[in-house]
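Line by line, the protein sequences give chains V and C. Mapping of the first sequence onto this note's numbering: residues 1 to 305, in sequence order. Mapping of the second sequence onto this note's numbering: residues 1 to 305, in sequence order.
Hints are computed from structural coordinates only; laboratory data are not their basis. Cβ atoms here follow ideal geometry from the backbone N, Cα and C, with glycine treated the same way.
A few chain V residues that don't get close to chain C, going by computed Cβ distances all over 10 Å:
1) Met1
2) Phe59
3) Ser61
4) Thr93
5) Glu105
6) Glu130
7) Tyr148
8) Ile250
9) Arg272
Covered stretches of chain C (in silico footprint by chain V; criterion: 3 or more residues with CB under 8 Å from a CB of chain V, positions within the stretch not fixed):
10) 180–191
11) 207–217
12) 254–265
13) 284–290
Sample of chain V residues at the chain C side, in silico, Cβ under 10 Å:
14) Asn182
15) Glu204
16) Gly206
17) Phe216
18) Glu224
19) Ile286
20) Glu292
21) Leu296
22) Phe299
23) Thr301
Protein chains: 2
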Amino acid sequence: MSILCVGSVALDSIQTPFGSADRVVGGSAVYFTAAATLFSPVQVVGVVGDDYPLAQLDFLSARGADLSGIEQRSGESFFWAGRYHYDLNTRDTLQTRLGVFEHFEPKIPEAFRQARFVFLGNIDPALQHEVLDQVVAPDVIACDTMNYWIEGSRDSLLALLGRVRILMVNDEEVRQLAGQANLLRAARWVQAQGPEMVVVKKGEHGAILFADDWLFFVPGYPLEEVFDPTGAGDAFAGGFLGYLAHAGAITADDLRRAMVYGSSLGSYAVERFGIERLKDLPAAAIDRRVAELRDLTAFETHVRV
Amino acid sequence: MSILCVGSVALDSIQTPFGSADRVVGGSAVYFTAAATLFSPVQVVGVVGDDYPLAQLDFLSARGADLSGIEQRSGESFFWAGRYHYDLNTRDTLQTRLGVFEHFEPKIPEAFRQARFVFLGNIDPALQHEVLDQVVAPDVIACDTMNYWIEGSRDSLLALLGRVRILMVNDEEVRQLAGQANLLRAARWVQAQGPEMVVVKKGEHGAILFADDWLFFVPGYPLEEVFDPTGAGDAFAGGFLGYLAHAGAITADDLRRAMVYGSSLGSYAVERFGIERLKDLPAAAIDRRVAELRDLTAFETHVRV
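Okay, chain V solo, but in the shape it has when bound (with noise of 0.2 Å):
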């Protein structure tokens, strides 16, 4: 089962306390797509400006991506520099330069159109419903969106949320969503507006699937090392989407692995800069943390709900 992604294609220059890296290959729909397509081909909707390294990109194409709606455009790429604290945990943005993407009114080529499964990445909601209103008949829609467009298209974004089965953000986005402190309370204020489910990425401290009467937790895998921090949350929903996508179904266990497999692809992304981690990542590897996952939850007890 393919997933039609659409976000931002974009050249990152990353400063972490342990180096740093220039111009390289980033932005959500890239991140996204080299997690899900080590599950499901992925089918990605962009634009980037004549300076993009589309070159670096040919893995994704080996592995099953479609990028033939990249469309490219003569002006700059999107562009984004951001420096990372001692603690990783916080960031200050640097510059950032839209470049071509001011202007991005995502076509979505006629071969993408009956794509059940969709990924809305972080780009303004006015461009999401676009995506939407030319998607023939989608199934799972997941979307993801930041506190510029909660601010600024708040409208725009709470009608998006009708129209969208899972958002998935992170902690500080529900809670600035739904103007709410508790995570749980914040969660319930977004499946009223529309959403059957919601993802919540809490970085080091898990993820959160909050669905109709159940809920599931999975914890940040234990790392004794983290590079860079860009584009975990990506590359969680694109583990957690193209594991459905490939498994084809969303029925609650597969839920719960989808977001097992969103925590261990999430935990390789950052041990290296940019995409460099996810880019020769063997499925061994990554279901040996699923199994190491499971085993740093796991308890046995007799007492029953």
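Guided by the hints, dock chain C onto chain V, whose structure is given.
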């Protein structure tokens, strides 16, 4: 199996966004004992002033606490006043008055010296040493500490680490103690100083047990209402060590379950002011939350490490 607990027996004045409680019974020994006696008898050693409402601890005696080691002296009891911020994750200490606690010298009654399980609440490491000097053949010694002792009594604290089996602290404390931002490395550093195990409490984000060659993670139980975080860490410790003393063993399976009972107790502790919620908490309620924590994290997979 009985547990010897030495710590503060205090009066707390607590302000939260949801209300306030004035001069209620608290302190590490009280929270620990309120949780641990739900599983095992506890022998308490501490000191209070002549202003202390000891009758408010009668419910502890009724369920197996021996309070004969609490010395009452002329003077004021340990008093703490604090105010929690809106998100309940941060708090300001408004006042601390040591009172009779300033000259506390733990005297372990003869009847308590055979204890096999010992909990050293967060007090001066010099006093924690004195307690251990008086216990004949302790088997499972767990201790807590805080930033004040990590900074001011580092040598004594490091010497103590060579005498305890389990260090139970929060994430900030283990990072500060080890001088290491990475939690896994910080815990490994502590283990190299002596303790076989480190339990790192992360509040709403759960807790991790670092054992010799394995880890166990338990999430915080997701709550819609948190009234008062005071004492949650000590209630966790009480549930953890109380369960182990009840089991009478510390196999890996017991330790895993003990972590989950700790999380269950910590989550109940914060639902009302002070120790109120722990006063008449039915065993069935504790077990129900243990089962819910299992359902929150359990997933099926065929993959193996």
